[in-house]
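My request is simple: use the sequences and hints to build the entire structure.
Residue-level listing of the chains:
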Amino acid sequence: MAASYMKIDPIKNCPFNRDDSPFGDVVLSSRARLARNLDGFPFVHRSSSSDCKEVSSLIKQICDHQPDDATLEWVNLDELDAQSTELFVERHLVSSDLANATHPRAIAVGPELSRSVMVNEEDHIRIQSIRPGLQLDEARKDVEALDIRIEEVIAYAFDEQLGFLTACPTNVGTGARFSVMLHLPALRIIKDLQRVRNACEGMSLAIRGYQGEGSKAIADLYQVSNQVTLGYTEEQLCSIIANDFLPPVIEWEREARKSVASNQYSKLEDQTHRSFGLLKSARMIKLHEAMQCLGNIRLGICLGLIDSIEIKTINKLFIEIHPAHLRHLYGIDTPDAEICSLRSDLLREKLTE
Amino acid sequence: MTTCDYCDQDAVYHDVQIKNGVHKTQNLCKQHATEAGFLLDSADLSIVLNIGESDLPSKSTAVACSDCGMTIAQYKEKSLLGCPTCYETFKNKLKHIIAEVQDNHLQHIGRAPSSEGVDVNRHLEVLRLLKKLDKAVNQEEYEQAATLRDQIRELHDGGELHEN
Ligand SMILES: [Zn+2]
Ligand SMILES: [Zn+2]
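In the order they appear, the protein sequences are chains S and D. Under my numbering, the first sequence has 129 at position 129, and the numbering climbs by one with no breaks. Under my numbering, the second sequence has 61 at position 61, and the numbering climbs by one with no breaks.
For the record, the hints were derived by calculation from the structure and aren't laboratory data. All values reported here derive from a predicted model rather than from experimental measurement. Watch out, some of these pointers could steer you wrong.
What follows is a set of in silico ranges between Cβ atoms, one per label pair, in the way DEER data are often shown [to be verified]: (1) S:Ser266 / D:Lys78: 49 to 57 Å; (2) S:Arg197 / D:Glu140: 30 to 38 Å; (3) D:Asn92 / S:Glu338: 54 to 62 Å; (4) D:Asp8 / S:Glu289: 49 to 57 Å; (5) D:Thr34 / S:Ile11: 55 to 63 Å; (6) D:Val126 / S:Gln61: 27 to 35 Å; (7) S:Arg197 / D:Val126: 31 to 39 Å; (8) D:Lys91 / S:Asp69: 39 to 47 Å; (9) D:Asn92 / S:Met203: 26 to 34 Å; (10) D:Val137 / S:Ser50: 47 to 55 Å; (11) S:Asn13 / D:Glu88: 37 to 45 Å.
Heads up, simulated EDC-like pairs for lysine to aspartate or glutamate below, C-alpha to C-alpha not over 16 Å straight-line [stated by the list, open to error]: (12) D:Lys78 / S:Glu121; (13) D:Lys95 / S:Glu160; (14) D:Lys95 / S:Asp159; (15) D:Lys91 / S:Glu160; (16) S:Lys316 / S:Glu112; (17) S:Lys316 / S:Glu349.
Backbone N, C-alpha and C define an ideal beta-carbon position, used for all residues, glycine too.
Below, the structure written as structure tokens:
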């Protein structure tokens, strides 16, 4: 099964390879996720191993008749090696909880690893799509198309009043979680992030760090998502983020960048080139430090201080400098002790060409 | 009946909060809820008392879901329900929890599986339009409100014809 996964190269197949990235200076990516459960089965945490297997084989039918434009590859996670599973985690396709679990579970992934169906996570089914830049509505349409395809082969647990029934009442209703990954370095510099937090609070949105739940901000990257899933249509939930929340926030960050560029130019110039120089010369670098430097360089690129590097190169490096991606590139048996030096090798190569 | 987190009294205040992705369930008796600054107005209290009442007969044997055997105490450990039927089994208790985590929304208006049939989908469309109508009236957009009202009437009449 591990061999079948390797048909998809996670480096070549990355949504960030694409050039369409609306509002890409501030919005790194957009993601849509639907939680679904099968009628007549206990939820995953109370399922026996054979329940899980049965659910899994029912959903696997979606891979039997593949439409040409939307093929999915089926991967059984319980038969996959830890290294490949970790790759999925680093791509935010599989949660670390699902990666470390032992019950029968699977993932069906599309060619760019941008669309996926997780099987037997907290819910029987989690349908997901990730797109570069602000493309929340497009991501919503991706997951709805997959939802309709799954609905053809199985019956969902659905209630006329409460909508789609999920293991946790926080997902009930639409089962939909829409989120955007934002890069907000200038608002941090001018100490105005509280404005974004207040906006989130006023619209029942959650704000988290790069790694999702409970994580701190790394490289000034923030994830914003809807908290409420019931009482709104899927379009409305998207619209709250894309049309109510984001336009002012994008404007604040852009204004803050202008103000930093005019009022603190020397400081900005120093921070950008110091980070750039560090990544071009370091021989060993830890993940956190590398991420922070990449974030600084990204701001510098957006403000025209560096023009030899494309933003999408930085977006991809945010992912590729994680351990499992480095092992995929440099050898699966790389010991932990060598990861820091391989990371610096990759960064030097990508930033000096 | 659930007992208070701080004493053995029956809990009248139920709350689930999610902070940084971590669920925090709170159950408080009247005294501890008041001390914690949660105001239980008379309306809240009557709902709460109703739940207490309906739970009385089953006090000796804790209610378990007929499909999966889950009890409300087990739910509280993980904040995860056992199966779709649990939503029916614990309907009264969940009403509070859902209202709390879902900004007081208790009715789905989003998509439905097509297998649910025309009636459910039409019903949801009426609910969607009613919500829009409410918003239009609040914002004093009367022209739009009139259009919405006509659409709702049409869907409603169409539905009755269909049922006869
Ligand atoms: Zn008490
Ligand atoms: Zn149950």
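We went through each hint and held it up to the structure:
1. Between Ser266 of chain S and Lys78 of chain D the Cβ separation comes to about 53 Å, which falls inside the hinted range of 49 to 57 Å.
2. Distance hint check for Arg197 of chain S and Glu140 of chain D: the Cβ-Cβ separation is about 32 Å, which falls inside the suggested range of 30 to 38 Å.
3. For the pair Asn92 of chain D and Glu338 of chain S, the supplied restraint of 54 to 62 Å holds, since their beta-carbon distance comes to about 58 Å.
4. Restraint check, Asp8 of chain D to Glu289 of chain S: a C-beta distance of roughly 52 Å satisfies the suggested window 49 to 57 Å.
5. Taking 55 to 63 Å as the suggested C-beta distance range, the pair Thr34 of chain D and Ile11 of chain S conforms, at roughly 59 Å.
6. At about 34 Å, the CB distance of Val126 of chain D to Gln61 of chain S agrees with the hint of 27 to 35 Å.
7. Hint check: Arg197 of chain S to Val126 of chain D, Cβ distance near 37 Å, so the stated range 31 to 39 Å holds.
8. The beta-carbon spacing between Lys91 of chain D and Asp69 of chain S, approximately 43 Å, falls within the hinted interval of 39 to 47 Å.
9. At about 30 Å, the beta-carbon gap between Asn92 of chain D and Met203 of chain S stays in the expected band of 26 to 34 Å.
10. Between Val137 of chain D and Ser50 of chain S the beta carbons are some 54 Å apart, a value that agrees with the proposed interval 47 to 55 Å.
11. In this structure, Asn13 of chain S and Glu88 of chain D meet the distance hint of 37 to 45 Å, their C-beta atoms being roughly 43 Å apart.
12. Among the hinted pairs, Lys78 of chain D with Glu121 of chain S is consistent with the structure: their alpha-carbon atoms are about 15 Å apart, no more than 16 Å.
13. With a CA separation close to 15 Å, the supplied pair Lys95 of chain D and Glu160 of chain S stays within the 16 Å bound.
14. Restraint check: the Cα-Cα separation between Lys95 of chain D and Asp159 of chain S comes to about 14 Å, which is no more than 16 Å; the hinted pair holds.
15. Restraint check: the Cα-Cα separation between Lys91 of chain D and Glu160 of chain S comes to about 14 Å, which is no more than 16 Å; the hinted pair holds.
16. Restraint check for Lys316 of chain S and Glu112 of chain S: the C-alpha separation of about 13 Å stays at or below 16 Å, so the hint holds.
17. Of the pairs offered as hints, the one joining Lys316 of chain S and Glu349 of chain S holds, with about 14 Å between alpha carbons and a cut-off of 16 Å not exceeded.
Hint compliance for this structure: every hint is met.
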